[in-house]
Structure formats: structure tokens, C-alpha cells
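Chemist: Top line first, the protein sequences correspond to chains H and V. Throughout the first sequence, residue numbering follows our numbering, covering 1 to 315 in sequence. Throughout the second sequence, residue numbering follows our numbering, covering 1001 to 1529 in sequence.
One or more hints might be untrue.
Keeping only pairs whose Cα atoms sit at most 30 angstroms apart, straight-line, the calculated DSS-like set for lysine-lysine is [stated by the list, open to error]: (1) Lys1262/V / Lys1166/V; (2) Lys1262/V / Lys224/H; (3) Lys224/H / Lys1352/V.
Which stretches of chain V does chain H cover? Using the computed rule of at least three CB atoms under 8 angstroms from a CB of chain H, they are [as the list claims (entries may be wrong)]: (4) 1068-1082; (5) 1319-1333.
Some chain V residues near chain H, calculated using beta-carbon distances under 10 angstroms [claimed, not checked]: (6) Leu1047; (7) Leu1052; (8) Gln1106; (9) Thr1110; (10) His1147; (11) Gly1151; (12) Ala1162; (13) Leu1165; (14) Leu1374.
Keep in mind the hints are simulated off the structure, nothing from the lab. Every residue, glycine too, gets a C-beta built ideally from N, C-alpha and C.
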Amino acid sequence: MLGYILKRAISLIVSLCLASIIIFSVVEIAPGDPASFMLGINAQEDTIAALRAELGLDQDKLSRYFSWVSGMVKGDFGTSYTYRSPVSDMIKERIWVSLPLALYALLISTFIAFPAGIYAATQRGKAGDAAVMGATQFGIAIPNFWFAMILVVIFALKLRWFSAGGFVEWENGILLSLKSLTLPAIALALPQASILSRVMRSALIETLSEDYIRTARAKGFGKKAVIWRHALRNALIPVLTIIGLQFSFLMAGAIIIEQVFFLPGLGRLVFQAITQRDLIVVESVVMLLVFAVITVNFIVDVAYAVVDPRLRRRV
Amino acid sequence: MSILSVENLSLKIGSESILNNISFKLGQGRILAITGESGSGKSMTALSIIQLQPKYAKLKGKIFFKDQDITEKDEFELCKIRGAKIGMIFQEPMTALNPVKTVGDQISETIVLHSEKNKKSADTETLNILERVGLSPATEVIKRYPHELSGGQRQRVVIGIAIALKPSIVIADEPTTALDVTTQAQILALLKRLVKEDNISLILITHDLAVVSDMADEIAIMQNGIIVEIDETQNLFRNMKHPYTRSLFAASGHSVDLPSAKRSADLLLTIQNVTCRYRLARTKIFSKSDYFTAVSNVSFDIKNGERVGLVGESGCGKSTLTRAILGLEPIYEGAINVEDQDISKATLNTRKNIQVVFQDPYGSFNPRHKVSTLIKEPFYLIKDALEVKSIESKIDNVLEDVGLSSADKNKYIHEFSGGQRQRIAIARALIIKPKLVIFDEAVSALDVTVRAQILDLIAQLAEEYGLSYLFISHDLAVIRSITDRCLVMKDGKIIEEGLTKKVLEQPQNAYTKTLIEAAPKLPSFQMEL
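So that you can see chain V by itself, here it is in the shape it has in the complex (with noise of 0.2 angstroms):
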């Protein structure tokens, strides 16, 4: 028997369609994978499961939880459901916890919600709950704030509270999507352990099919409101009936054609031992201040030509790196050097040869300029400036060469889509013509089908402009594609450094060998596209 029924669950806001007619089954015990673009209707659907949607949402269709339309009842009685009967599970760890209030009283006040416990006996619960998420010791953590723990350890607080009180269902959002590979590898095994153990039936919400693919019983692809696809999961990879299934299988494991670099021997960026750190908050007031070292002792070099990777977990230091090259961080020892010119006493001569495209499409361009003031802002570090007829036809060659059209140079920023953003942003690197490009994370924020074009793109780019640039990733299948040659960042230094391929293949570092066993991977089924 299902324990929850979905039925032609149609969804408004406004005019706009958000959801279309899904219907599904979650049977008992069971792991139901929801897959799909950003905007596909994954969340909204979620949230509606436990009636949370927006209130100006028109909701259409029915919700069977055991024999009950959820629709139909109040909001006293869904209080009584939510939390007890059907667990959530956000995306975001680091805000999803009330940060004024201990980890163990937003447990445990699920607990004295709803049951007759008082906050004694629910205290000595959440003690068992910490454990069995993995947070011990539990009688330390259950007095800790949110801010004092890592976001994996925020994260198992709160898969503790949608499992607290045992729940029939738990729906997880995304629930691994902002931690690094080797957490979200914990993370998904804790959350299949603890189903298993509690004959929880779990909704998991994800976009990475990978991750999808060794956790699910059944999955379901939604694509612009409408489930396009569902079938057990073997079926599923095995069959692939709908094309945009396949497209979405494709996209993620995109391999780029990356054309072979014309390298020589002149070098580009020299890096020589560089350390980078920061003060810290100090603990008692009339203690000397501590220094984090973000970065420690790291030297490598770039030739021209040359497509590094850099990869590493969040806080490994890899942003640091990135800011001291750009010339935006204070180096405490060690020096950068661009082509012989030390990067922190550079002219704008020397700032004209790197340029940087960022993670966040959306925030990172001024949404009152138009498209044409965006690009040719790197204008202003030539010199003797240029025609303005001459910069108009090299904004107009530049963005056909990242796949707009000249017309869109009158446009505005919020007109475009995120991955045309992260093409402008291309373009607004690529104008005048550096010799050294940095991505930092440019293709973490995107769709794996928007992902894929992008990372065409540049391969297609550094053909035509004979790019080199350094590719800052936490996404080993991202660096494979894109790079010639890696390095493997931990704790501030580099730890292992080579051809990519090699690395990835016969790495030789035991923390280079965890990052790539706990990558999620695709099912290697054969495809017939």
C-alpha cells in the first residue's frame, strides 16, 4: 500500500503554471527520487506535500497521506502532521537552523510539540537523536549555537529533527546540494541508514542525477511542472523514454572536446611560495591575536597556453589563492608574478592580462548598466583608449563569440537567464584579450544542461582566443573536462599536482583518492542516443 498519493496535483501563481497535473505513489519504505532543472517545480511540490506552499498559490488536486486528503484538512490538524508524521529536510544548512537558539532546544522542542513529554524526558531524547545522527559527544553538542558547528554537523542537526519523532515520511530538499563531496557522502549515507532503520519512506528532491542514482528505489524527472518520466530506478537509466531524460543524462556526464593546447615554454603566472592568512577574533581581550593561514607555502606555475584546474573542498584556501593572484588579498610571504611583474605592485598594464568570471551569475554584475557598459568596462585599464566605433564592433564580435547576438548589448542584466549571464561575464573576460583567464567555481551555480553549453563554450573559446587559464572547481568532472593539467588543494597547500587525466586516474595522495571515491556517479549503463 502507498503511504502517500499524489493525484493530477496542479499548482498557480498568478497566471503562471508552476506545477501540471503530477501524480505519483510513495510506497512504504521506499526511497522516490524527484530530478530535474532549477524551476522545474521539485520544490514547490515538496512544499505542497506538507501544505507549505505560498499563500497566493492556487492549489489544485489531491494529496492522500495513508487514507487522508491533506488538502482538506486545517491548518490546527496539519500542525499535528507536520514534523510528526512527514519530516522535512532544506537544502541550506546554514540557515535553516534558528541561530539564537541551542541545537538541542530546536530538537527537542519538536519532541515536547508533539508528545506528552515534558522538556526533561525530551532532553534525554535528543541526546539518543545526536547520536544517532552522528554528532556525539551529544552531551557537548546539545548546548552548542548553529554557528558553532561546521554545515555537514548543521545539516545532521537537521535531518535530527525531521527524524525525531519518527516520522511515516521525510522529505529532503536538495539536502546535500551546498556541502562539499565528502560531507554530502556522509550525509547520504546517514540519511539511507536511518530510512532503512526506521522504515521511513523518503522523498528525495535533488538535481544531480548521480546522486539519485545509487540512493533510489523509483525516480521521477520533472521538467517545467509536469513529471515527465517515473519508473523504478533500474528502468529507468535502462530505458530512458523521454528525450529530456536523456538530454539530462547526457548533460551530466558531458565530456568536452577540449582541443589540444598549443603550450610553450614562456612561463605566464609564477606562484613561489605564497602564503596568505588572517587575523583572528581574538579569545580573551588581552590575548595576542591568532593567525588562520589560509594558504601555506603554495608554489606552482602556468605556462602560456596552459588549462590548469585547481580543486579542493570549501575552506581548503582556494579562494584565498584566487583573490592574492587577482592582486586582492595581501600575500604575507612568497610572491605572484605575472610575467615577471609582481602582481601586488601592479599597473594597470599588468591587470589588463587577467580577468576573472565569477561563480554568481546573478550578483555579480551592476543591474543598472546595460550589457555593453558591463563588457567594456575592462576598457578602462588600457591606456591610450581606444575608438569608441572600435570598441562597439569588439563588443558586437565578442558576444557573438560566446553565443549572443550583437542586438543584446542594449539589454539590461535581469533580461537574461543565468547561464547568458555567465556567457556575458565571458565575454566581459574575453574582450580585450588576456593573456590569463581565472573561472572561479563559473559553473557551479548552473544546470547540467546549461553546464554542459557553457563548458563547450569555453572549450571552444580557448581554441579560438588560445585561452590559458586556471579553473577553480570543486567538481572533479568538471575539472577532467576542462583541464590539462591539476592541482589538488587541502588545508592551504597543495598536496598533489599533475595531468589531470593521471591524477584523477592514479592519484596518489589518500585525500585525492577519498575526493574521487566519494564523487556520486552516474550509472555506467550504455546509452543509445
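Here chain H stands alone, though its shape is the one from the complex (with noise of 0.2 angstroms):
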């Protein structure tokens, strides 16, 4: 087990090293010149030779290169070149409320998705299936945009239970920074949770129908026993993986609703930072986004060895 999770930790690393020179590499391919784009076109040659120095972007590539990721393990992420303020504030304030907001609508989509799974498959074939599988149908066609306004026409607008957007700081209480988040995170939640519960039936209903359920069957289990005992556990494969996926989409992914709702999250940080050229932010953003996706990467291999005893031996 210890192994196992040596490894993985190896491979955590090494794909952050990777995914670091991708991202710089792609962002110093990218046309425009952030000093000349900041002052404008009829700034002086010198001006701008003067403001790349300033911002460090007459020193090579390389040293370049080795000075933002030694930043970036003391935290510091540098300057953004439009706001003339340390990323790593900008990041800390945003991430207070995309961390959040993912984590809110996994919890939904998966609170969802389980018991809704779970039931179609001990339905299959029957209306209660048919019934789950519709609604879920329905939740993967439904754009998540056209969704969200929905609930805020009908929940801020119609009956005045939330606010139809913005952001309470944590500062004003946590219940009301939840709240103003909810709409959100249902909106969010929605596809997550129709395509989970999809998975979660299709593994449940192939779990179902192995041998050892069989055996479990003749030992004198009820149907549902053998659910509980014996099928979830190793139904929990192909969902984990789903699990996964999914929050890193979320975290990334939310740019829309966050339009929708005015909210101060990363994907709008990153949207206005492209279109300002300020490529440090872009950089450090994106890079905090991968460092995410591959960590919850490892924490749902780590979580299959947990479930699965035939994994940890392997190294």
C-alpha cells in the first residue's frame, strides 16, 4: 500500500514538472507583447523596452522560467502586469470562492447521483427506472447556462429566497456565503449529477450480476443486503473515476455560471486576464488549476487501493 502510494506520489510530481513547461512554453508562443499591449500603440520604443525590464521580460527564457516555478513553491506568484498587485492575492481571494463552489456541487451531484443510481438499478426495467433514467436524460440536454437562469427567475426573481447574483464574503457569515452560492452549485450540479447517477446504475447493475453476488444470495442475504454488503463497494470503481473528473471540471469549468452570477471566481479571472494579455496571471492560474486536477487525480487512485485490495499490491 505504502508503495503504491510512493509511486503515485512519483508520478504526481513528475506530471507537475511537465504540465509547468507546457504551460510556459505555451504562453511565451503566444502573440502580443504584454508591455506594448499595456501602454498602448503609441508608446515609445524605450518606454517599452524600459517596462519590459521592469517586468522581467528582457532576462531569458530559462531563468525566466526557473524564477516563476521557485516563486511558486514559496507562494509567490509574482505581479500581475495589468493590476500591479501580487497574483497570489488576487488567486487567494478568488479560490475562496471557486473551491467552494465546486466542492458544493460535487457534494449535491453525488448526494443526488447515489441514492438516485442506486435506485434504478434495483429498478431496472421497471418505472422507477425508466423514470430516474428520463430525468437524468433530461439533466445531461439542459445547458447549465439556460438552467441557472431558470432557478433565477423562479428562485430570486419569483419567490425571493436568494439573491439573483454576487458573492457574500465569508467575513459576513458563512450560512449567508453558502447561500449566496447555492443557486450556483445546483446549477452547476445538475449534469454532474445525471451523468453520475447514469454510472453509478450501469456499475451497480454489472456488479449485480457476478458470481460472488450469486454466492452472497445463497448465504441467505436479501437483495438489498447484498447491495450494501457486497455490490457497492466494488460498484465505487468506475464512479470514483467519474467523481474525479468531474471536480476538476468544476473547478475550472465554472466560467459560465460565475458569469451568470457575478461571482468572483478564477475562470473570470483567467477570461479577463487572457484578453489583457497579463500572462502571469494567465500562467499562475492555469498552473493552480492543474496542480488541483492532478492532486484530486491522486487522491482518487489512492481512493481505489482503499476499495480495492487487488490494487495495493501493485507498485
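Two independent chains are provided; combine them into the complex using the hints.
Modeler: This is the structure in C-alpha cells:
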């Protein structure tokens, strides 16, 4: 088990190194000089050169890469070209919106998907199954920004239970902050929950046809007990894979929902930074997202081994 | 008094009748064997007794356990009977246990479920059970996961689950079919001992008459969902009233008229000091990888016209060796030559000299191709392509040679039975007239009567095509009937080699002796056919 975790950890570090190189190169290749962009079209040559020197853009690529990486390790993400403020502060502010939003959405998605998927699997071929499958089809088909607007119309404008947008800072009370994240989280969770229920259902149906389920039934376990005691844990591997992928998606892919609800999240930050050629912000946020995705994959890998003893010995 | 009495049991799935009016009684402490070929309804009978038949199956008739009709019980009452009063052992020990739970948990949960005991005292009892089924040290085994045990050990665990609560009846559905002969002998002996000790009534379901003959008190022969004959073992074998029983018995002890070989001195296949090995998973992250030597320093040759058998139990390296001969497996040391051509550097021209017939007649064909496409595939190995017309006539001929008709070439593979598919596999191997055919457990997945037919076919084709072949099998009876010379393999080495008759009648090696003794034998009653 320890060997397995160690090997996963090594592959995590290697992936991070590769990702940092790729991100840095892509941003380097991208056209547009930040200094000339910031100073506008009529800027003097020597003013631009001075600004480039100030931003450190005149140094060679290798040393810029290493100072970027070593800065990140120490928590220093550099200074934003446009806002002239430390990138780490900007990210810190935004991540306290994006991370809770992603977790919140994932929690809702899991809490809907597990019971729905298990129920559909036990009712396979019956009306209950058809209802769940129909509902999930619907959930996957609806674009989530449209669903978000419907939520706003019903719960914010008509019922006035929630505000239509904006984020209440955590200092003003955790419950209020959570409340302001509820509608966006539901909008994000709907398609994820639909996909996850379908995965849960098919994984469980497949597991229920295994020989050891028949053995358990022959031992005298009832249909429900067999699901809890024998089937669920075995069906969990594909479900964990999808949960891992969904979390990564929710961290980075919430940009449209952030726009709809006026949330100051990471997605919006990246979007703005790209339009303003604020490369240092783009690099840092993308690197951070990559870090989150790889870490989640690492956690999922470890979870596999916890669930399935056969994987523990594989090094 | 009988403990179980099945009365006029019928089972239908859709419009298909699976069981048709079967009746039998099982006495206290007796062993009843139910025998028949695949599809005869043996397993469905077993599942019906514990009411775990598929839910869309329609069941009629009565099943009395003691004095109560099981078919009238609800799910709650049935759960109290299953596992506690009627234990069940299934065929495939590899998949019958939950891979994510320790074997100890899987035994003790049965005890906790049916008794007032807590987990701790159930664990103590589990230790006893593990000792009883011959898994020691029990304190070690109780913590193991199924994947850490061998097939035979897993089947012992399954038996442990079945007998944990000293049930009145144990139903064993093909308990040893997936196991090697020596393991099979041990498992059967264990089962026999346990049912005697606890006075359990046993229903033993198997396709193998030889297994049944020295275990069962009574035998029921099933065919197409009907019990055609049921009698005390001795009487049944002596009288054999029903023709199906006779044909089953004849097929089980079938001997083939293998035409005498036209051997020449030309070497067809030479294997010199061949070693094949695999890299094992590392046990620690920075340790060096260990290697598993699957085939170790093996040498033998096959001359033109020879029929050679290769016997061994699972894991002995025979599959690795087969793949190496086919050029599908890298050789670590040594050389394999087909007519002086190194197989690892073989060209199409050499490869066309070797063809293979695999074990699984269901998995070894592409289901989307017509039979004609499937069997003309080897022609790709021949450089100067033949005319379409002559290929077509060859397809017709070879199909007729293997006992099918030329009209079959336009069908798809799912339209054929297992035996017919194996005929098609043989046709595919023979169509380009190879010099050597490798039969890799080619009859192991077939029923006894079909197996007898295929063996006859191979013998007949050996004459017509002047075949040389290497026949790989774990079944000594098959090797005996179809080969001139045989090799016995164990732990990657050839441990005995000689004329088949001599090896099987006067084995020199101790392992060969155990192998021969462990093989179940038909009773030697004289039968008039």
C-alpha cells in the first residue's frame, strides 16, 4: 500500500513538472507582447523597453521559467501586469469562491446521484428505473447556463429566497456565503448528477450480475443487504473515476455560471487576464488548476486502492 | 425419510421449456448426483431448489424441504433457509468470492447473519471452519483476500461458507470443473468427508460421469430438462436402461481409432533449451524486479507425421510454450525451429506451416464475419494469392472434410453450436494444409459426446491430411486416445517423455503417477452396447 502511494506521488510530481513546462512554453509562443499591450499603440520604443525590463521580460527564457517555478513553490506568483498587485492575493480572493463552489456542487451531485443510481439499478426495467433514466437524460440535455437563468427567475425573482447574483464574503457569515453559492452550485450540479447517476446505475447493474453476488444470495442475504454488503463497494471504482473528473471540471469550467451569477471566481479571472494579455496571471491560474486536477487524480488513485485490495500490491 | 423432495418441477423461460416435470427425492445423509450435458437443466434445478432461478422464469411444481413447500415461501423465509439450512457451492471459485472482502469476513458474515453470535465469536468459529476445510494456518488465511489464494484454496473457502452452519443439504454445482485433476481429487475427498462427518445430504451436479461414479449413492441423468434415468449408482451403471445414459457412458470412455503414424525421420519442429520468463511486479518500489520462469530449459522435437501430446496442470507453462512455438512469445534463451527456420525470425512462408486450434470455440471467432471469410484467413500467409475460384472450392472441400456442408460458408458463427464451431476452427487450421497443427486444449470446453465426435474427426483427418500435431491438454484420457508420444510438464520443465501408452501405463516419475491416480475413472462394468 505504501509503495503504491509512493509511486503515485512520484508520478504526481513528474506530471506537475511537465505541466509547468508546457504551460510556460504555450504562453511564450502566444502572440502579443504584454508591455506594448499595456502601454498602448503610441508608446515610445524606449518606454516599452523600460517596462519590459521592469517586468523582467528581457531576461532569457530559462531563467524566467526557473524564477517563475521557484516563486510558485514559495507561494509567490509574481505581480500582475495590469493590476500591479501580487497574483497570489488575487488568486487567494478568487479561490475562496471557486473551491467552495466546486465542492458544494460536487456534494449536491453525489447526494443526488448515489440514491438515484442505486434506486434505478434495483428497479431495473421497471417504471422507477425509466423515471430516473428519463430525468437524467433531461439533466444532461439542458444547457446549465439556461437552467441557471431559470433558477434565478423562479427562486430569486419570483420567490425571493435567494439573491439573483453576487457573492457574500465569508466574513459576513458562513451561512450567508453558502446561501449565495446555492443557486450556482445547483446549476452546476444538475448535469454532473445526471451523468453520475447513470454511471452508478450501470456499474451497480454490472456488479449485481457477478458470481459473488449469487454466492451472497445463496448465503441468505436479501436483495437489499447484498447491495450494501457486497455490490456497492465493488461498483465504486468507475464512480470514483467520474467524481474525480467532475471535480476537475467544476474547478475550471464554472466560468459561464460565474458570469451568470456575477461570482468573482477563478474562471472569470482567467478570462479577464487572457483578454488583457496579463500572462503572469494566466500562467499562474492555469498552473494552479493543473495542480488541483492532478492532486484530485492522486486522491482518486489512492481511493481505488482503499476500495480494491487487489490494487494495493501493484507497484 | 427424505429431506428434500422435488415433485413435478417445470421451469419455463419465455416459451422455452428448461425443466420438464422432474421429480426426485434426497435421503438424509445421502449423495445424489445429477449428471448431463450442458443445457440439460442441471444448474437450473439447483437454483430452483434455493429459489434463485432468474426472476423472469416461470416455475411450476413443488419442492418439499422437510415438510414445507419451498415454492410457497416468501423472500424473508427463504433468506432464513438459504445458507443456514441449504448451502450452495458454485463452479467458478475465481469469481464466486467477493474480491474486496477478506475470506474470513465472507465466512463469518454467514454465521452472524443466521445466528445470535457477534462478530468476535463468529470469527473464532471461522477459524475452526478454515481448519476443517484444510486451510491452515487459519489465523493467517482468515485475513487474506480471495486474489491471494489459489483456485483450489478458494474452492475450500466456498465449501467453508456452505458448511459453516451445518446445513441439512449442500448443493454443489460443478464444484471441481474449473480445477486441475489433482486439486479436483482433493476437493472431492474433502467434500465427501465433510458431508459424512456432519451427516449432510449432498446434491452433486457435474457433467463428468467418472467424478460421480465413486462419490454418489444415487445418480440422476438429465437430458433436455428431463430426468431420463435415476437409480442407485451400482444399479444404474450395471443396467443403463435409457439409451442416452449408454451414449453418455460410451462417450466418456470413448477411445479413438488413431491410424498408425507414417513417421519419417525429417524433423519438423525442434525446440532446444527454451526458457521463457516474465517480469513480476515489484514488491517494493525501489527493489529489482523478480522474474518468473514459466518455461525452463525445455527441449524436444516433433518429426514429420508424429502426433505428440503435452500434459500438465494449469500454471505448468504449457500455454507459454504454445505461444512461444507460434512465435507469439519472446524466448529468453534457446531456439525454436520449424524446418530449420527460426520461429522468432519467421517469415510468412514459415508461418503458413503452423496453424492452431484454440480452446474456446465461442471467443476465438470474429462474430461479424461469415464463415467463408473466417476460414480463408490463413491464405493471407501465402504470397502468390490463389484465384478466387480455387479458394472457394477449397473452402467447400475443407468444410465437407470437417463434417459440415459447403452451404455453411455463408452463415455467421453464432448460428453454430460449440462442437460445430470447433469443426470450423479445425477447418480454418487445415485449409492451407499446414505441416504442423497445434491443438491447445481444443476439446476441453466441449461436452463428452461432442468431444468424442471431435476426437474421431481429428483421428480421421490425421489419416487424410497426414497430419503432424502437438495436442496440449490437461486430460489424460484425451492424450491417451489421440497421441503416439507424450510429454509431461510440471513447473516449466518436461519431467517425463515417451510413447503415450508406456508413459500412462508405466509412469516413471512420481508426479506423473499422482496425475494418473488423481484422474477420475469410470467404473469398469462390462457393458453391452
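Chemist: Each hint: holds or not?
Modeler: So, going through the hints one by one against the coordinates:
1. Among the hinted pairs, lysine 1262/V with lysine 1166/V is inconsistent with the structure: their alpha-carbon atoms are about 60 angstroms apart, more than 30 angstroms.
2. Between the alpha carbons of lysine 1262/V and lysine 224/H the distance comes to roughly 65 angstroms, so the proposed pair goes past 30 angstroms and is violated.
3. A C-alpha spacing of about 56 angstroms is found between lysine 224/H and lysine 1352/V, which places the hinted pair above 30 angstroms, so the restraint is violated.
4. Residue count for the segment 1068-1082 of chain V with a Cβ under 8 angstroms from a Cβ of chain H: 6. That meets the three needed, and the coverage hint holds.
5. Only when three residues or more bring their CB closer than 8 angstroms to a CB of chain H does the claim for the segment 1319-1333 of chain V stand; here the count is 0, and the claim is violated.
6. The restraint placing leucine 1047/V at the interface with chain H holds, with a minimum CB-CB distance near 9 angstroms, inside the 10 angstroms limit.
7. For leucine 1052/V, the interface hint holds, since its Cβ comes within 10 angstroms of a Cβ in chain H; the closest pair sits about 6 angstroms apart.
8. Interface restraint check for glutamine 1106/V: the shortest CB-CB distance to chain H comes to about 8 angstroms, inside 10 angstroms, so the restraint holds.
9. Using the Cβ-Cβ criterion of 10 angstroms, the hint placing threonine 1110/V at the interface with chain H is satisfied: the shortest such distance is roughly 5 angstroms.
10. Satisfaction of the interface hint for histidine 1147/V is found here, the shortest Cβ-Cβ separation to chain H being roughly 5 angstroms, below the 10 angstroms cut-off.
11. The restraint placing glycine 1151/V at the interface with chain H is violated, with a minimum CB-CB distance near 14 angstroms, outside the 10 angstroms limit.
12. Evaluation of the alanine 1162/V hint against chain H yields a held restraint, the C-beta minimum of about 8 angstroms falling below 10 angstroms.
13. Taking 10 angstroms as the C-beta contact cut-off toward chain H, the hint placing leucine 1165/V at the interface holds, the least distance being around 9 angstroms.
14. Proximity of leucine 1374/V to chain H is violated relative to the hint, the smallest CB-CB distance being about 30 angstroms (cut-off 10 angstroms).
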